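Enquirer: Residue numbers (the numbering used here), protein chains in the order written: chain A, 1 to 412; chain B, 1 to 204.
Note that these hints are calculated values from the structure, not bench results.
Here the structure is a predicted model, which means the values were calculated and not measured.
Cβ coordinates follow ideal geometry from the N, Cα and C atoms, glycine included.
To give an idea of the chain B side of the interface with chain A (calculated C-beta under 8 Å), a few residues:
#: 1; residue: Phe-5
#: 2; residue: Thr-35
#: 3; residue: Phe-54
#: 4; residue: Glu-55
#: 5; residue: Pro-57
#: 6; residue: Ala-79
#: 7; residue: Gly-84
#: 8; residue: Gly-85
#: 9; residue: Ala-127
#: 10; residue: Leu-202
#: 11; residue: Thr-203
Computed footprint of chain B on chain A, listed as stretches where at least three residues anywhere in the stretch have a Cβ under 8 Å from a Cβ of chain B:
#: 12; stretch: 169-180
#: 13; stretch: 191-204
#: 14; stretch: 318-324
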Amino acid sequence: MRSRAEWALRAVTLTALALLIWTVVRPAALQPRISDARGGLETALVNATRRPVAALDVVVDSVPTALHRDWLAAIRAAGTKVSWSGRALPPVAVATSPVAEPEGRIRVSIAGGDSTEVVLSDQLGAIDTVQARAIPSSRLLRTATGWVSASARGSRAVTPVANPVQVRRILVLASAGWESKFVVAALEEAGWTVDARLRIAPGVETRQGPDYPLDTARYSAVIALDAAVAPSAGAIERYVNAGGGAVLAGPASRLPGLARIAPAAAAARRVAGPRTGLVLGALKDDAVVLERQGALPLVAARRSGAGRVIASGYDETWRSRMRRAAEAPAEHREWWTALVSAVAFVPTADARASGGDAAPVAALTAALGPQSRMGAGSAGARSRVPPVWMLFGTLLASLLGEVVSRRYRGLA
Amino acid sequence: MVSEFVFCTGQYASGDWESAPLVASNLIDSVARYTSLDVAATGVTVPLDSPRLFEHPLVYLTGHLPFRLSAAERTNVKAYTDRGGMVFIDDHNHDVGGIFHKTATEEIARTWSPLSQLPNTHRIYSAFFEFDEGPPATSHELNGWGDNLIHPHLSAVVRDGRIVVLYSNKDYSSEWNYHPENKKFSSVDNTRFGVNIIVYALTS
Chain A
1 MRSRAEWALR
11 AVTLTALALL
21 IWTVVRPAAL
31 QPRISDARGG
41 LETALVNATR
51 RPVAALDVVV
61 DSVPTALHRD
71 WLAAIRAAGT
81 KVSWSGRALP
91 PVAVATSPVA
101 EPEGRIRVSI
111 AGGDSTEVVL
121 SDQLGAIDTV
131 QARAIPSSRL
141 LRTATGWVSA
151 SARGSRAVTP
161 VANPVQVRRI
171 LVLASAGWES
181 KFVVAALEEA
191 GWTVDARLRI
201 APGVETRQGP
211 DYPLDTARYS
221 AVIALDAAVA
231 PSAGAIERYV
241 NAGGGAVLAG
251 PASRLPGLAR
261 IAPAAAAARR
271 VAGPRTGLVL
281 GALKDDAVVL
291 ERQGALPLVA
301 ARRSGAGRVI
311 ASGYDETWRS
321 RMRRAAEAPA
331 EHREWWTALV
341 SAVAFVPTAD
351 ARASGGDAAP
361 VAALTAALGP
371 QSRMGAGSAG
381 ARSRVPPVWM
391 LFGTLLASLL
401 GEVVSRRYRG
411 LA
Chain B
1 MVSEFVFCTG
11 QYASGDWESA
21 PLVASNLIDS
31 VARYTSLDVA
41 ATGVTVPLDS
51 PRLFEHPLVY
61 LTGHLPFRLS
71 AAERTNVKAY
81 TDRGGMVFID
91 DHNHDVGGIF
101 HKTATEEIAR
111 TWSPLSQLPN
121 THRIYSAFFE
131 FDEGPPATSH
141 ELNGWGDNLI
151 HPHLSAVVRD
161 GRIVVLYSNK
171 DYSSEWNYHP
181 ENKKFSSVDN
191 TRFGVNIIVY
201 ALTS
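Chain A with its partners taken away, still in its complex shape (with noise of 0.2 Å):
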């Protein structure tokens, strides 16, 4: 009995001893969980690095950082199956980009799942709640300090602010009439600098600002307004090639001379409402039509060269300004600005913005695959190993027991 029973505690020892060196040398699939309780998947991130295994499941509660995403990534590189899980998290994306504008406003781009409430901030603290969209929806910003971030329910996208863009002068091209005239104020109103030549009878013309040739070296675009601007085509055609911005409204957008560069040309047929104008036609196939009355095209906009060119119809838009209405000038400003803004030639080296973590749940997956359904509660993915100090126990236990019993074998 006695002797039965010590051949039992060796084996207990034996045993005990076995699964202790079995847990240092274990693979990681037996490894516990590791949950991101900060400390937590930063210590195991650690481990997995220092001891390479086989499998790392990371259960999260918030987007991990970029920092931790691409050690994930190293590690699953490494040849360790790496896979995460957790709540729901909320995919939410941000971007802020400069405005082509004086005022030197910032668009601040959020996407996210659909009507997940999202907070957008800044460094100095929140500017506003917006409901994300699959379809992003902007804000215009005057000032934003240092980042923008968007949060929602554990996930926090980051960007840095796009640094304004230094825009140039504005070149308008017509026949003396109320629309140039209100779209020269427009513009200057809201800040722009704004050359017009404008045709006052055949050789005679009144300018404003310095002759500069047309090139992106002095204007962001040029604006013309109707079949005055004939002879300067060829000028506008090189000039949008090679960068520039264009606006060609009403009949101008039907010259012979600018029709390469031309997305649509106005038609005969007019439209009215609040900006009445010229319904346009021979839409070319790239190009992308901006504004409708009904199924109508008024405003289309393609690539040409290296620049950008709009076609709007719209020949009178001074009558919307000269309506009694409080707010009349100042939508015959933002109208104006949004469309040479949208043309607008910007270097490109001003215009971009790094850095940041501006989609993490987009990054997540991107690096480490979609979440895991072996998530949270899955009791597959627990180790059966006992834990160190109870193998080391019984260890010290069984021995001590086995000792014991020998020793006093011949006083029973």
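Dock chain B against chain A, hints included.
Expert: Only chain B this time, still in chain A's reference frame:
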């Protein structure tokens, strides 16, 4: 043409706004004669309290009698100039002691701000024809009628560098109030400054 220039004479409740009926056709003739601007063959008359005023960003006012704006006219014409409209007022009396001048200058000060002297180097004197010495003298000034003065300057309310209200004591209303056919009897067309006013309004 939808965007053509339409000469607009303003009708106000007080006074004799219609005292120079041929000015419109004469200036329309001159604009068509000297420029390539699209101009309507006939002018329009628009009450100053009408929303239609906003369709014509330059309005011409004249008269001999007291010039008073009603509250509705004042509100409308103020909003009109706030949006970029320009008002040209000519004293048909050519008399700084006359009732039109006194009441018109008061009304301008009440509606906008007091008039200030327009320098003779202003762009309006070179907007199309060149007038190196400022506003051209009228035959009424040269003949000693009215206040027996040659007014060397025009007056204006200027906002952000743009003339909002142009005011004349020179009686261009009498000077230009004749049938355009009769220009052939003049060695120099005396409506040329009227072309400058219109071109300035269209380009500034």
